[in-house]
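Enquirer: Going line by line, the protein sequences match chains W, L and U.
All letters in the first sequence, in the order written, are residues 1 to 495 by the working numbering.
All letters in the second sequence, in the order written, are residues 1 to 146 by the working numbering.
All letters in the third sequence, in the order written, are residues 1 to 118 by the working numbering.
One or more of the hints may lead you astray.
As the list claims (entries may be wrong) - Okay, the calculated beta carbon distance ranges per label pair:
1. U:E107 to W:H51: 53 to 63 Å
2. W:G189 to L:H4: 49 to 59 Å
3. L:L109 to U:S50: 32 to 42 Å
What the hints contain is simulated information worked out from the structure, not anything from laboratory work.
Nothing here was measured: the structure is a model prediction, and the numbers come from that model.
For each residue, glycine too, the CB sits at the ideal point set by N, CA and C.
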Amino acid sequence: MTFHNLPALQVVIPLISAPLCFLLRRATPAWLLSVAVSWICLAISVLLLRHVLGVGPISYHMGGWMPPWGIEYRVDLLNAFVLVLVSGIGAVVLPYARRSVLFEVGNRRAYLFYTAFLLCLTGLLGMTTTGDAFNVFVFLEISSLASYILISMGRDRRALTASFQYLVMGTIGGTFILIAIGFMYISTGTLNMADLARRLPEVMQMRTVQVAFAFFTVGIGLKLAMFPLHLWLPNAYTYAPSAATSFLASTSTKVAIYLLLRFAYDVFGMPFSFHAMPFGPILLALSSIAILFASVGAIFQNNIKRMFAYSSVAQIGYITLGIGMATATGLTAGILHLFNHALMKGALFLAIGCIVPRLNSMQLADMAGLGRRMPWTMAAIVIAGFSLVGMPLTVGFISKWYLVMAALQKGWWWLALLILVGSLLALIYVWRVIEAAYLREPNPGRDLTAIREAPLSMLVPTWILVLANIWFGINPHLTVGTAGRAAAMLMGLGS
Amino acid sequence: MTGHLVLRVVAKLLLPLILLFALYVQFHGDFGPGGGFQAGVIFAAGFILYALIFGVRQGRRVLPGWLAHNLVAVGLLIYAGTGVATLALGGNFLDYNVLAHAPAEGQELGIMLIEFGVGVAVSSAMIIIVYMFAGRGEDDGEEDRE
Amino acid sequence: MSTFLGLYNYWIVVLLMMGGFYVVIAQGNLIKKVVGLNIFQTSVFILYISMGKVHGATAPIIARGYHLYTNPIPSVLILTAIVVGVATTAVGSALVVRIYEAYGTMEEDEIHDQDKSL
Numbered sequence: 001m002t003f004h005n006l007p008a009l010q011v012v013i014p015l016i017s018a019p020l021c022f023l024l025r026r027a028t029p030a031w032l033l034s035v036a037v038s039w040i041c042l043a044i045s046v047l048l049l050r051h052v053l054g055v056g057p058i059s060y061h062m063g064g065w066m067p068p069w070g071i072e073y074r075v076d077l078l079n080a081f082v083l084v085l086v087s088g089i090g091a092v093v094l095p096y097a098r099r100s101v102l103f104e105v106g107n108r109r110a111y112l113f114y115t116a117f118l119l120c121l122t123g124l125l126g127m128t129t130t131g132d133a134f135n136v137f138v139f140l141e142i143s144s145l146a147s148y149i150l151i152s153m154g155r156d157r158r159a160l161t162a163s164f165q166y167l168v169m170g171t172i173g174g175t176f177i178l179i180a181i182g183f184m185y186i187s188t189g190t191l192n193m194a195d196l197a198r199r200l201p202e203v204m205q206m207r208t209v210q211v212a213f214a215f216f217t218v219g220i221g222l223k224l225a226m227f228p229l230h231l232w233l234p235n236a237y238t239y240a241p242s243a244a245t246s247f248l249a250s251t252s253t254k255v256a257i258y259l260l261l262r263f264a265y266d267v268f269g270m271p272f273s274f275h276a277m278p279f280g281p282i283l284l285a286l287s288s289i290a291i292l293f294a295s296v297g298a299i300f301q302n303n304i305k306r307m308f309a310y311s312s313v314a315q316i317g318y319i320t321l322g323i324g325m326a327t328a329t330g331l332t333a334g335i336l337h338l339f340n341h342a343l344m345k346g347a348l349f350l351a352i353g354c355i356v357p358r359l360n361s362m363q364l365a366d367m368a369g370l371g372r373r374m375p376w377t378m379a380a381i382v383i384a385g386f387s388l389v390g391m392p393l394t395v396g397f398i399s400k401w402y403l404v405m406a407a408l409q410k411g412w413w414w415l416a417l418l419i420l421v422g423s424l425l426a427l428i429y430v431w432r433v434i435e436a437a438y439l440r441e442p443n444p445g446r447d448l449t450a451i452r453e454a455p456l457s458m459l460v461p462t463w464i465l466v467l468a469n470i471w472f473g474i475n476p477h478l479t480v481g482t483a484g485r486a487a488a489m490l491m492g493l494g495s
Numbered sequence: 001m002t003g004h005l006v007l008r009v010v011a012k013l014l015l016p017l018i019l020l021f022a023l024y025v026q027f028h029g030d031f032g033p034g035g036g037f038q039a040g041v042i043f044a045a046g047f048i049l050y051a052l053i054f055g056v057r058q059g060r061r062v063l064p065g066w067l068a069h070n071l072v073a074v075g076l077l078i079y080a081g082t083g084v085a086t087l088a089l090g091g092n093f094l095d096y097n098v099l100a101h102a103p104a105e106g107q108e109l110g111i112m113l114i115e116f117g118v119g120v121a122v123s124s125a126m127i128i129i130v131y132m133f134a135g136r137g138e139d140d141g142e143e144d145r146e
Numbered sequence: 001m002s003t004f005l006g007l008y009n010y011w012i013v014v015l016l017m018m019g020g021f022y023v024v025i026a027q028g029n030l031i032k033k034v035v036g037l038n039i040f041q042t043s044v045f046i047l048y049i050s051m052g053k054v055h056g057a058t059a060p061i062i063a064r065g066y067h068l069y070t071n072p073i074p075s076v077l078i079l080t081a082i083v084v085g086v087a088t089t090a091v092g093s094a095l096v097v098r099i100y101e102a103y104g105t106m107e108e109d110e111i112h113d114q115d116k117s118l
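Please model the complete structure; the sequences and the hints are all you need to start from.
Expert: Have a look at this one:
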């Protein structure tokens, strides 16, 4: 097994360890296996990214069959970037998960959590690596089913209804994507994405292709929580176990956005998506509404997890705003914010997960005066919150900067204004958290003296992500460079 | 179902036929309709019929819950293990050509192995589903109720 | 009229798809939603399988004397999609069972009321 097989190993290693985890039955061996596997996956994706940055795209033939007849795994710059993100978040969340899962899921069922987590990781990595359209659907359903299971393991009984609602909406989304793939296959006769990109321009006028694009956009919109298809997200993120929320918030929507990028820019091509179909205006309109309404919705929440779940919908609006602009800077901003938002929300939800075992509550009112009892955790929330708002020295600033620049480049000053208004709204709800934790006295009758700081095994991964926020904010060359090159590649292939 | 003599006798007569048919469908997957998933479901249907007629507790004595539990994982491991074997033998992942001395034999062997893995995994999964759902009302001790 | 009769497989697809979708949205009982989801997915299966059929061709298994075979790829794709549908139904039904045990009801509006009162 040489370097040549790395694209396959990226998906196979978590796939094999999931049943091994299932057989292990006990919490600690399952956790150890999961942590080891996630770190191996991170190493593989970093190696793949380095190869792609240095040499060029990798093409791997599954089963030895030549594409387009066989399934091809194709790793290029956009792919590798998202792969590193997904495996990185997994590698950080799993060491954190031990204490968190023990508290929220329980010792008896912990091995099931890790099995579902590994399957979700497999699905996400597979979706990102593959170059075959139907393979995308298969891995999409694997990761979706695993995430329904992950979400349903929350302590509150509302986790069950949240998971069911997500299941119904997610399955409809997946079936829409299946229909789209079917129509693409009917019109071109191939399922390989590179081959589809070659053949679709010839049949562009056929209504089948237009309907395929429409079905695909709606289906993937359900998965990435594009307004107004985001209704499953607040409940799902609020009631899921904290480790699951952090992982899903940082990865599953991002991989769905990657698929949208891949199909809209690469497979269907920019001339079709932006000139034949009103993809750009629709994305811009829905993103703007998402940013405004979801941010306002977040301000009025009393449950801190639900507040940041609504905030996620708004931030996804920023990413799709960048994608909808169809310029190099806009696309760079969108891909960059994809990475940065994962860092921000990952850190935030990990920190909130630190609070939950100590405080046993997710209400903002109960967090009064927490800043003094849990200084490190609240400091993590503060820094990640500032990154969300877009303060300088954090990653949030870099993405907002590129978004505003892209908007001004097209002369849309009203869009730049909208982005700034969104940041102001974010400041309001982040300030609510800071005010509750630092500036208010603990509620009478709520004895906070028993609350200690979170354990080190949970604090260290949280702070790794928080420091990543700052480090990539001060030193953005790697992320901006890769995002810029990926954007250029997408636009070059499309135009 | 103690009083239903006809049902019990017919179920006992049918069960081996069902299982035999499942094996037929499994191994004739490359010559006719069939394959791992279909065979796994038919195989499980035999056990489910037994559990329906004689009760889940009796069904659990025939095929214990822990066995079905573990067979799901083992089935998936057989499938993935075939792939890893092809990797170890020098080919791409799931490149069956390297599994035997000639590509044709390798393809046959590879397909048979992975379909077997799929059949095992699917049949055990179906049986677990029935045990979990139907056995929920009965007091079955500390079997996993997840 | 010939268009209607010639494309009857697509009409069936449309009927099933919209029927299943309507059941998912309109029915309050959770089990009925799962059933609606199943009908919705079945329509997609028919779409795929019917697109693979070649007129005057035999089943895609190599046999002597036959030169035209239907496309085997849609059948293979649909097998995978059927398994996905079964897995989704299993997970959905398991969730419904757990919801019933936790809430005491399977009706969506009653569950909503119980959650609202919190």
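Enquirer: All hints are to be evaluated individually against the structure, with a verdict given for each.
Expert: Hint check results:
1. U:E107 to W:H51: 53 to 63 Å: holds, 55 Å
2. W:G189 to L:H4: 49 to 59 Å: holds, 54 Å
3. L:L109 to U:S50: 32 to 42 Å: holds, 34 Å
Checked against the numbered hints above, the structure breaks none of them.
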